[in-house]
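Enquirer: Chain by chain, the residues:
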Amino acid sequence: MALLEIKDVSKYFDDKEVLKGVSLKVEKGDVVSILGASGSGKTTFLRCINYLENADSGVMVFDGKEYDLKASSRKEMTEIRKKTGFVFQNYNLFANKTVLENVTLGLTSGRKIPAGMAKDRAVKVLDKVGMADYLDYYPSQLSGGQQQRVAIARALATDPEVIYFDEPTSALDPQLTAEVLQVMRQLAKDGMTMIVVTHEMSFAKEVSTKVVFMADGVVVEESTPADFFNNPQDPKTREFLAL
Amino acid sequence: MFNEKTVELLVSSFPKILEYGLKVSLPLAVIAFILSTILAVFVAMAQFAKVPVVKDICRFYIWIIRGTPLLVQLMVAFYGLPLLGIHSNPFLMAVIVFTINEGAYSAETMRAAMESVPRGQLEAGYCVGLSYMQIMWHIILPQAFRTAFPSLFNALISMVKDTSLASSITVVEMFTRTKQIAGQSYNYFPLYIEVALVYLIFCTVLTFIQKKGEKVLGSYGVRK
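Line order of the protein sequences matches chains A and B.
If you use the numbering used here, the first sequence corresponds to residues 167 to 409, in order.
If you use the numbering used here, the second sequence corresponds to residues 12 to 235, in order.
Chain B with its partners taken away, still in its complex shape:
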């Protein structure tokens, strides 16, 4: 099976697979991750601050999103949005669905992290004359973000691999591209191993970035 021809195929296909990884899969994951984190902060804050009505809407959103499969959400968006007159390209649609999906999970991560910040931090903020939003911005969110960072990054790593689901709504990402190449050569197994390795490389790099990120965010002088 691993004859000269296969090796040649693997070598020639590698840049093509990597290209779609770097051009489609990774940007999809990273953009959706950044947007979902911003969304998550607002959803978490609404619950943390117990904003009436808004917090109930947030709970409802989390309930729906966590209770349905990502693949189904992609399909619903793909076939549903055009019915509402919203037409957009599949990549953009995938970004939106991944953002909304990940936002629900990250919101819970952020909320838990915010609740883990001791109450005294909030009280001390009030006592030096800060407003609630100032305390959020300067004290609670930075500490919560530090706590949530590894879990959030975990989600990013997950999402890099889940981008393969975007193929279901016609996004040609790294895995779809691999399938195409494999289909042309009828040599599936080695190519799937190859694309698995590329995903592995991506995730290894991200893990490395996570370690660096944790250092940059610092541990406020706590020795590890």
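The following block holds chain A by itself, in its conformation from the complex:
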């Protein structure tokens, strides 16, 4: 059984249909790269499946339980959010919290884990992303790459079943991008299930187990990285890759 199955998500912004029935199946351990031009709906899709946007229709089966993406209860939303992690394009670290507090808040307040245990867990994941020396820093004192690595640690700390990445390197220069991608590669190697909206072709090619290409609110092509990059089927995919 798939860890996560999303069926037929649609979403309108005013009159514009930005998602036209998007479906996706994710197995445990999958690293799914979602590619596509800006405006193709990939970020909206990712936001819909974590309830950051309210979909106009669509169903998600997570761990065998079905969720109506249009009309889930608050309880169901929290349930999903506690099983998932989300990494934003612009990091969104809590500005008034230190690095350590950023990582522990979801544990202590969100999950009632005792402070001592939460700290141990936080230090462990921060060490994993190479940020354990910055526990008392505030986000504004860190580079973009460092902030994003803390954000990944924050997502990782709650032991999620899947982590969603929304263009995690789009706001970073090439060097900082490299340090963030390095962390993500390691996560993939450790078996973390990931759905990554990205413009990083090399990451999609080398790290992911599945590539999904979206255009104008639909999935145009879905295949293995090898097939996707070497033998693209759809003309739109070919056009995208030729760019």
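Please keep in mind that the hints were generated in silico from the structure rather than gathered at the bench.
Among the clues, some could well be false.
Some but not every residue of chain B turned toward chain A, in silico, with C-beta under 7 Å [what the hints assert, rightly or not]:
1) V87
2) F89
3) Y90
4) L141
5) I150
6) P153
Model, not experiment: these values are computed from the prediction.
Ideal placement from N, C-alpha and C gives every residue a C-beta, glycine not left out.
Got chain A sorted already, so can you dock chain B onto it with the hints?
Expert: Relative to the frame of chain A, chain B by itself:
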């Protein structure tokens, strides 16, 4: 005018004026300020969270209070509350009116500050599994309070001076006390200068506290 007698009057009256400043004017302002800030947080939150009906009540409250003079509000309370069977001492009544009055202004300050916190902070809170109220408490309010602090303190400084209006509902505060002393001596001008200086001293001290407060609240590592 500034003869020996005047100097003597100024010296002898100073402790009396200061006493009423410290015993009445300042406590009135500080108590009302603290209560009004708490009130403001709730009023701002109801609007920020768009709580149905409650947010409309809040808008109505702000509309009424901001649209009428403080002096009129004091009078309405002074003559109106007893009609409703509510009798309380003038000081308490002044605290209530100042709280309700300042609460309306501070609520707008807080609401604007809450809205200035980037939406991503709320979204990130949801994504780590926090509830709306937890996000409010840990993320939005602390950041909003930091932003609102100088404006709120501004209001406190204003209120210290507005406490003189409480004289209209028979509260003997610092200014009324000064008027009494002046009336006994028929030497108004020097005493009014003196009480002005005392207000100035109070506000200077508060400004100093504001600076310290801003440091304590911190700027989350942003260098200034």
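Enquirer: For a quick check of understanding: which of the numbered hints are violated here, in increasing order?
Expert: Numbers 1, 2 and 3 - these are the hints that the structure violates, sorted from lowest upward.
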